[in-house]
Structures are given as structure tokens and as C-alpha cells.
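**Student:** For the sequence shown, the UniProt record's numbering begins at 1 and goes up steadily by one.
If you are wondering where the hints come from, they were derived from the structure by calculation, not from laboratory data. Take these hints with a grain of salt, some might be off.
[As the list claims (entries may be wrong)] Taking lysine to aspartate or glutamate and the EDC-like style, the derived pairs with C-alpha atoms no more than 20 Å apart in a straight line are:
no. : residue 1 : residue 2
1   : LYS150    : ASP178
2   : LYS386    : GLU414
3   : LYS443    : ASP265
4   : LYS222    : ASP194
5   : LYS150    : GLU109
6   : LYS268    : ASP456
7   : LYS222    : ASP196
8   : LYS292    : GLU471
9   : LYS369    : GLU355
10  : LYS341    : GLU393
11  : LYS234    : ASP178
12  : LYS296    : GLU471
13  : LYS296    : GLU355
14  : LYS150    : GLU108
15  : LYS135    : ASP99
16  : LYS111    : ASP122
17  : LYS363    : GLU393
18  : LYS135    : ASP265
19  : LYS386    : GLU352
20  : LYS340    : GLU312
21  : LYS369    : ASP474
22  : LYS369    : ASP390
23  : LYS219    : GLU115
24  : LYS268    : GLU454
25  : LYS233    : ASP178
26  : LYS389    : GLU414
27  : LYS366    : GLU393
28  : LYS219    : GLU109
29  : LYS260    : ASP237
30  : LYS137    : ASP122
31  : LYS341    : ASP304
32  : LYS366    : ASP337
33  : LYS386    : GLU423
34  : LYS292    : GLU454
35  : LYS150    : ASP99
36  : LYS389    : GLU423
37  : LYS135    : GLU109
38  : LYS369    : GLU423
39  : LYS369    : GLU352
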Amino acid sequence: MSPVPEETTAIDYVMEAASGAHFSGLRFDGLLTSSSSSPRASPTPTPTHFSTLTPLDSTAPKQPFVIGVSGGTASGKTTVCDMIIQQLHDHRVVLINQDSFYRGLTLEEMKHVHEYNFDHPDAFDTEQLLECVEKLKSGMSVQVPIYDFKTHQRCSDSFRQVNASDVIILEGILVFHDARVRNLMSMKIFVDTDADVRLARRIRRDTVERGRDINSYAKFVKPAFDDFVLPSKKYADVIIPRGGDNHVAIDLIVQHIRTKLGQHDLCKLYPNVYVIQSTFQIRGMHTLIRDKEISKHDFVFYSDRLIRLVVEHGLGYLPFTEKQIVTPTGSVYTGVDFCKKLCGVSIIRSGESMENALRACCKGIKIGKILIHRDGDNGKQLIYEKLPKDISERHVLLLDPVLATGNSANQAIELLIQKGVPESHIIFLNLISAPEGIHCVCKRFPSLKIVTSEIDQSLNEEYRVIPGLGEFGDRYFGTDD
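Full structure from sequences and hints, please.
**Tutor:** This is how it looks when you write it as C-alpha cells:
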């Protein structure tokens, strides 16, 4: 970076630099490849994909997006998975097939192999499958067994090396059966195909590729589908009719996955958490207000700018109605009408710093106040409130620039609910949020919305947000000296 010009202040220079052109590049850090040193490694490497990321993504969490794909036997699950992988070519994607986790048959079971039910949950080693997915989700490499359908045993001298990836696809007829495996999934897809089509495919596959006879379909496959596979359909987030022939459904799924991959992990976990899109302007302003050397005047100025962006973003989640008006040219314009019943509630005192931005966006808006104060070391909360009398009929924008532990926020939200405000009518606006606070609020109030400009790393032992920006109220109102 070039030196700061003498006639330009450091703040002006940062903001000007932040508004300039920026270029993305390949990020190679964290790239994992299959190990070639192990003599047992499978000769078929796991495909690894690169993604082009801007510098803003360098700090993005790397929690993988886990997709479960289930459905009847020969319904087209593998085809759907392949199509998803092809469209996600710019991300690292791995496919884990439940068939790899079949238990090896004992000598006694081999003698009666035609009587063995391969479509029953007990035929799979669910514990090893669970361990495999947990390790991949935590960023570790795993060795996936290779199952031989002719000998009905796992290959003892080879395995498939699978490395941590952006997307993990878990495919199999019974991947939704065990609740522990289901709970690891970010998205669950059920491939629904006509029974006659599945029968024709299954007969062709089993007789040619797996050495089984036709009678096994009526004896084992159909009953297992009715008893285990079909009931698991209720757990699916998305049901795809016609399998791989449904290109529209697959395109929509890929778009959803791409959206989730660009989000913070907490946004994947809690769909009611919204982080405004990070730009270099926003990162530049965060750099300024987090700087302990910034002047009070500049801290207030750039805080107000960020607060207004958060407020305007939060207003976008309010209900709107369609409205037609006539323009000065005599043309009819179809737009939307804003929510009529709206108010703000600031958590004293830091929340009061957000009131000016709210008034600038919503002319004449009513604003209430809540004071939450810790009473010594016993942890009790003393609450003072002054709220609009008809607050139960309004949508509420709850204002607090920093979400730390979430305890004070929960007290304020609980008070609003006691006053008759529906949980779904509350939008909580913050500048920064700690993961602990988001967990605390969202687990207790899953229907409200949280809108923030950045999610920080964590809380320290003093329950302060890290890296954070210090005591916001003291810095904003000039009482930090």
C-alpha cells in the first residue's frame, strides 16, 4: 500500500482506499489433497475444487455444508448428487455413499446370503458412518471403507481417502433413519421416483452388478421401503419428484447451497440471523470505529453511518403490501406500502445511540426505552420500561449496538412478549454480535429476527466481545475518560 499523502488524514485515506477497485484471487490456504504416502490409499483420488474468493472471505468460517440425499432404492439419488457436484464445480465437494458402510457378512450369513436383508438399518455400520461425518464436519480427513458387493465384504487392503471440504453430500436409502446422523445435516433432500421406474432400475442393477436375484425385491426391498425409507420422507427439507430429470429443482437447490456457503456458520444454523452484506466500505468503517485511537467525533460519525445501514436493512424484513400510484407522467407504478404499525425500543443506554438513525429513516416513529441493570453480584435484573401503550399492536425494532452474552437482550425481549408483542414481530438490531449472544437469544426466541453488521469471534473471560469495539455507550457519549 502506498504511503498516506501528507495533506490527507488517515481516516480519509482509509475510506478512499476502501472505495477503490479490488480484485479477487485464488485462495490456496487450507487446501487438502489425498495422501499419496500411504500404501493402502485408494488409487482414485477425491476430487478437490478451488473457489475464487475476495479478501473479505479470508476470515470466513469453514464449517462444511452437509447435505443428506435419501430416497427409494434406484430412485436416482446418485444422479442427483452428481448433478449437484457438477454445478458446484467451484467448491470442494465430497460424496459419501452409505453403501460403503455395509457390514461385512459373517460366514454363517454368507451361507444364506440370499436370505440376508441388505435394505434393513441393521445392515449398515451406522456408528462408523456417524464418526466419519463428525470428523469431516470438524475439518479432519477420514478413510472411507470400500465395500465389495460380490464378496459382501469390505476391502481389507484399500480405502478411500476423503479430505475436509466445503460441501459434504451423504447419500443412501437410510441416511435419514438415525436421528444422530440427521442432526449433522444442514439440508435434507428426498428423491421421489415412480415405483415402477425404481423396480426396473433395481432389477437391472442387482442382477448385473451385485449378483442378487429378482425375488429379493419383493421379499426385502419393497417391505424395507414401506417400513423405513418412506417414513423418513417426513424429515426432508426438499422433495425432488422424478429425480435427475427435474433440472429446475436441482438448480434451485444449488442456488440455495451457494447462498449458504457465502454465509456465516451461525446464519446456516439460525435462519433468523441476518448479516448485512460485507463490503469494503463496511469493513473500512468497522476498522475505524474499532480503533482505540479514533477521536470521539469520528467514532460517532462512522458509528452513525453503520447504524443507519443496519436500520435500513432491518426495515427490509418488515411486512409490506402492494400499492399502485400514479406518477407525474400519468403512468401507473406498482410498488409497496410500508408497515404502518411500527416502533423502536432502545436498551438504555447504548441503544439510545441508534435512535437518531431510526428517526432519520422513519419519520415520526415512536420510541420506547428499557433499562436493564445488574443488582450487584447476585445476578438479579432490575428493569425500568417506558413503552408505547399500543405496543402489542406494533412491530418492534429493538436497538442495542452490541450483542454480547445475550442475557440483557433476553430480559428485554421477554418484557416485550409480556406486553403482548408477538415474538415474530420483534427485529433485534446490532452493530456487532458475539456467537454466544446469538446462541442465547435464538435458542430461546427462534421466531424473532437478528440483524447485525458483523459477527465477532467470541467473548473473553470478562464477557466482553472479542475483537469487539470496547464500551460502546461510553465511547459514543464521551464518558470513557
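**Student:** Taking the hints in turn, state whether each one holds.
**Tutor:** Verification of the supplied hints:
The straight-line distance between the Cα atoms of LYS150 and ASP178 is roughly 27 Å, outside the 20 Å bound, and the hint therefore fails. This hinted pair checks out: LYS386 and GLU414 have alpha carbons roughly 15 Å apart, not beyond 20 Å. A hinted pair counts as satisfied when its Cα atoms are at most 20 Å apart, and LYS443 with ASP265 qualifies at roughly 15 Å. Proposed proximity of LYS222 and ASP194 is supported: the alpha carbons are some 13 Å apart, at most 20 Å.
Distance hint between LYS150 and GLU109 is fulfilled; the C-alpha atoms sit about 14 Å from each other, no more than 20 Å. Our distance criterion of 20 Å between C-alpha atoms is met by LYS268 and ASP456, whose separation comes to about 16 Å. Restraint check: the Cα-Cα separation between LYS222 and ASP196 comes to about 11 Å, which is no more than 20 Å; the hinted pair holds. Of the supplied pair hints, the one linking LYS292 and GLU471 holds, its CA atoms being roughly 11 Å apart against a limit of 20 Å.
Of the pairs offered as hints, the one joining LYS369 and GLU355 holds, with about 10 Å between alpha carbons and a cut-off of 20 Å not exceeded. Only pairs whose Cα atoms come within 20 Å are accepted, and LYS341 paired with GLU393 is accepted, the gap being roughly 7 Å. For the hint pairing LYS234 with ASP178, the CA-to-CA distance comes to about 13 Å; that is within 20 Å, so the pair holds. Proximity of LYS296 to GLU471 is assessed by CA-CA distance (about 13 Å); at most 20 Å being required, the pair is judged to hold.
Between LYS296 and GLU355 the CA atoms are separated by roughly 18 Å; this keeps the pair inside 20 Å, and the hint holds. Note on LYS150 and GLU108: the hinted pairing holds, with a Cα-Cα distance of about 16 Å set against a maximum of 20 Å. Restraint check: the Cα-Cα separation between LYS135 and ASP99 comes to about 19 Å, which is no more than 20 Å; the hinted pair holds. Simply put, LYS111 and ASP122 have alpha-carbon atoms about 18 Å apart, close enough for the 20 Å limit, and the pair holds.
Distance hint between LYS363 and GLU393 is fulfilled; the C-alpha atoms sit about 19 Å from each other, no more than 20 Å. In summary, the hint linking LYS135 to ASP265 is supported, as the alpha carbons are separated by about 17 Å, within the 20 Å threshold. Taken as a hint, the LYS386 and GLU352 pair is honoured in the structure, with Cα atoms around 13 Å apart against an allowance of 20 Å. Between LYS340 and GLU312, the direct Cα distance comes to roughly 16 Å. Compliance with the 20 Å bound is thereby established for this hinted pair.
For a cut-off of 20 Å, the pair hint linking LYS369 to ASP474 stands: about 18 Å separates their Cα positions. Of the pairs offered as hints, the one joining LYS369 and ASP390 holds, with about 14 Å between alpha carbons and a cut-off of 20 Å not exceeded. Between LYS219 and GLU115, the direct Cα distance comes to roughly 9 Å. Compliance with the 20 Å bound is thereby established for this hinted pair. Between LYS268 and GLU454 the alpha-carbon distance is near 15 Å, which keeps this suggested pair within the 20 Å criterion.
Between the alpha carbons of LYS233 and ASP178 the distance comes to roughly 13 Å, so the proposed pair stays at or under 20 Å and holds. The straight-line distance between the Cα atoms of LYS389 and GLU414 is roughly 17 Å, inside the 20 Å bound, and the hint therefore holds. Restraint check for LYS366 and GLU393: satisfied, since their Cα atoms lie roughly 13 Å apart, inside the 20 Å limit. A distance of roughly 17 Å separates the Cα atoms of LYS219 and GLU109; the hinted pair therefore holds under the 20 Å criterion.
A distance of roughly 15 Å separates the Cα atoms of LYS260 and ASP237; the hinted pair therefore holds under the 20 Å criterion. Our distance criterion of 20 Å between C-alpha atoms is broken by LYS137 and ASP122, whose separation comes to about 24 Å. Our distance criterion of 20 Å between C-alpha atoms is broken by LYS341 and ASP304, whose separation comes to about 25 Å. About 19 Å separates the Cα atoms of LYS366 and ASP337, which keeps this hinted pair within 20 Å; it holds.
A C-alpha spacing of about 19 Å is found between LYS386 and GLU423, which places the hinted pair at or below 20 Å, so the restraint holds. In summary, the hint linking LYS292 to GLU454 is supported, as the alpha carbons are separated by about 18 Å, within the 20 Å threshold. Straight-line distance between C-alpha atoms of LYS150 and ASP99 comes to about 13 Å, which keeps the hinted pair within the 20 Å bound. Taking the CA atoms of LYS389 and GLU423, the gap is about 17 Å. The hint holds against a cut of 20 Å.
The straight-line distance between the Cα atoms of LYS135 and GLU109 is roughly 31 Å, outside the 20 Å bound, and the hint therefore fails. Between LYS369 and GLU423, the direct Cα distance comes to roughly 18 Å. Compliance with the 20 Å bound is thereby established for this hinted pair. Distance check on the hinted pair: LYS369 and GLU352 sit about 8 Å apart at the alpha-carbon level, within 20 Å; holds.
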